[in-house]
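Protein chains: 2
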Amino acid sequence: MAKFNVSTPSGFVEFTPTQERERQRWIGVIKSVFERHGFPQIDTPLVERAENFTAKGGNPKEIYVLDRLLREDAIDQDKDQRAIRFDHTVPLALYVARHFNDLTFPFRRSAIGPVMRGERAQKGRFRQFDQCDIDVIGNGSLSLRNDAQMVAIIVELFEELMPDQKFVVKINNRKILTGLFDQLGITNDEWKNVLGVVDDLEKIGHEKVQKGLEELGLSKEVSEKILAFTEIAGTNDEILKKAAELLGEPAGELQEVVKTLREMNIDESLFQVDLSIARGLDYYTGTVYETNLIGYEGLGSVCSGGRYDDLANVFTNKDLPGVGISIGLTRLLWQLFDAEIIKPTQASSSDVIVLTRGEEYMKDALEIGALIRKEGIAVENYLENKKTDKQIDHARKKGIPIGVIVGKDIMVENFERKEQKEASKESVVQAIKSIS
Amino acid sequence: MAKFNVSTPSGFVEFTPTQERERQRWIGVIKSVFERHGFPQIDTPLVERAENFTAKGGNPKEIYVLDRLLREDAIDQDKDQRAIRFDHTVPLALYVARHFNDLTFPFRRSAIGPVMRGERAQKGRFRQFDQCDIDVIGNGSLSLRNDAQMVAIIVELFEELMPDQKFVVKINNRKILTGLFDQLGITNDEWKNVLGVVDDLEKIGHEKVQKGLEELGLSKEVSEKILAFTEIAGTNDEILKKAAELLGEPAGELQEVVKTLREMNIDESLFQVDLSIARGLDYYTGTVYETNLIGYEGLGSVCSGGRYDDLANVFTNKDLPGVGISIGLTRLLWQLFDAEIIKPTQASSSDVIVLTRGEEYMKDALEIGALIRKEGIAVENYLENKKTDKQIDHARKKGIPIGVIVGKDIMVENFERKEQKEASKESVVQAIKSIS
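Chains as they are written, first to last, in our numbering: chain S, 646 to 1081; chain F, 646 to 1081.
Heads up, some of the hints might be wrong.
Identical copies look the same in the list; a pair holds intra-copy or inter-copy alike.
[As the list claims (entries may be wrong)] List of simulated lysine-lysine pairs, DSS-like, C-alpha gap at most 30 Å:
1. K1035 x K676
2. K1031 x K904
3. K1078 x K676
4. K848 x K701
5. K988 x K676
6. K1063 x K820
7. K1078 x K1019
8. K1019 x K676
9. K963 x K853
10. K963 x K1032
Bear in mind the hints are in silico, worked out from the structure with no lab data behind them.
Sequences are here, hints too, so could you generate the full structure?
Structural data, given as structure tokens:
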């Protein structure tokens, strides 16, 4: 039938209308929670100079650069390579460097939008995906209260995104792990590899981590000490106490963050000190976060982040400490749809649809649609000349919950509950509210 | 100072925090008006197969394709070229072709997001820019009422986006112009060029258009007839009447659209039949729209669109008529900022900021912040250990209108009006509302 291969390119995903409706709800909630806490969305270009990405550790094999389908040298006056962003952090560093004098510090912003990585395409991994980030950047210093605020925001996010789903935010501090490594005589050069292995504890289990550590050249004794430490269990206070006993000062920041979380009245069941959390990225220097959905730990962390000492060191000579979190939205939603943890049913953004019992009632129907819309209710008019039954089919297929059927009378119907109510033009909005 | 060239690449624009705040407001209003009328946002990938873009008339010199900064053939298993979308219409056609069986027709969707064109960079023209589109696609047929609905939506958009700005939606129908050309013996091959010249009437004036038409090989007499026709003036009814007298049937659709607009109670001053509107794109086949800001006609049309016979003819063998409109958001906002028609002042998304008279009040301040946030008010806590004056400076620089200063007492202050009000924890939300 089709003359062209119309399928999406490998690694580029799009959702069906019902899935996309759920995705839009998530984006709306995420944006709203971020902004409610003082993190306005600031969009930056998808494209930057390639050299600025590689300077901040981008993998050249995965960085997409732009070319033109048909080259015409006159247009391409600047020969530098242009690349597509692979995260929101490097663009943030560039934004801060570019607009330093226009910004008020601590500078807070959110970024919600696509990034691209030319990874090998595989199930559930995409080459274009949405990241939803917030970061707060200090000029010279940044209070640890910001580290606690991130936890408060993760909590509010998942309470709104998945109200029936239990979750826990796991917190640690990289200084604790590196303090331990210092004690054990592990050098700075070895840290990164050791952290990488420790980070997989939940995924691969105790024995494989021990084996992994020994493969890095650590003695059995040191490996066991690391594992014993990261597996310290108990209440938050018990874990913090043991860490402080063993390490002293390096545990101080984490204690401070937990204290602030309590001042914020965050429910103690929602955050958990976990000395094994390391986060792979090597630019984290203090607090680190992961978030697990209880019962679905296999999905991995659904919201992660941490504190970093210096956002933009290669782009400015300012000292810019920051802390941030990120949700990998596309991957997470894809997993939730795939495992049927979320099963969306509504394809339409409309709460109400206005139908008619014939063309002669269209003028009334348009007027009623406008009346309802004025009340801030999302309402669409069915505009085609079709039988009423066909119109009702259309409404059901789109999953619109309420119909207003305009004929000699005005009937308001809740399609799901099969409840009906007669109304007048004056009472139609109230009838909709009472039947919703 | 900087070790790298951190500036945005030529043709890729980003806004300052205050400008970006206004941009985000526009996106929010546009999304909300679209959804209120039954057009849910559906995002599609930025990237498609290049051949699908050229099949729908994309200019290969302007289409960006993806490459990798460092090529590794193992990853690039599929050798077909991947290109970045240059509009939302081709992705819509592909989406409809891909999900045909999942869609309910008429299918409505909005698209708000970036597209890229590798044009020569020049002032106010960008290589990445946001387009905000809605389209409704029928399966086999689509009522002309949808054409009227587009006008109603443009009206609602600009009433919310620029409440103090007058504007007018200009409507025409391509069948009227092509009907006239038939009468004058202008062949189908000549239509496109003639429409292109006529389209510039407002921009370049009567004489230059006449010259342009004669340069296309039309006689003086024919050129004058075309101009006389497109310059027919009067009320909407007078223009429609003359068009109907001269052409008969071709004016019928436009009459029908105007009739529906009146049924929708759209104020007659907000839409204007204008027989010179052609729209450059050759895929429009019926109704066409342009929108002008009164007093700023030089900006060109700020929202345009039209009816097309067949959305996806190269991708499916279905008959899919549609009608849609589009706002070129980045260019429009850039123009409005540049000409200082809009002068944004607030960099923050917060309506309220909570400050302290010392660290000892931080716990109270955090609690008060949470209380205010629970009421749905966007509020940020100032978390650093700084003097109160510095905190107030911070709030002012970000343009946050209301401050809550927590010490022994709780003071609510409107920074702009320099009004203060004492409050308790219990009354702080009400005090904010009364002082806003």
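Now the hints, each set against the structure:
no., hint, verdict
1, K1035 x K676, "between (37 Å within a copy, 28 Å between copies)"
2, K1031 x K904, "between (64 Å within a copy, 20 Å between copies)"
3, K1078 x K676, "both (27 Å within a copy, 23 Å between copies)"
4, K848 x K701, "within (28 Å within a copy, 47 Å between copies)"
5, K988 x K676, "both (22 Å within a copy, 24 Å between copies)"
6, K1063 x K820, "neither (60 Å within a copy, 45 Å between copies)"
7, K1078 x K1019, "both (14 Å within a copy, 24 Å between copies)"
8, K1019 x K676, "both (25 Å within a copy, 16 Å between copies)"
9, K963 x K853, "neither (42 Å within a copy, 56 Å between copies)"
10, K963 x K1032, "between (68 Å within a copy, 23 Å between copies)"
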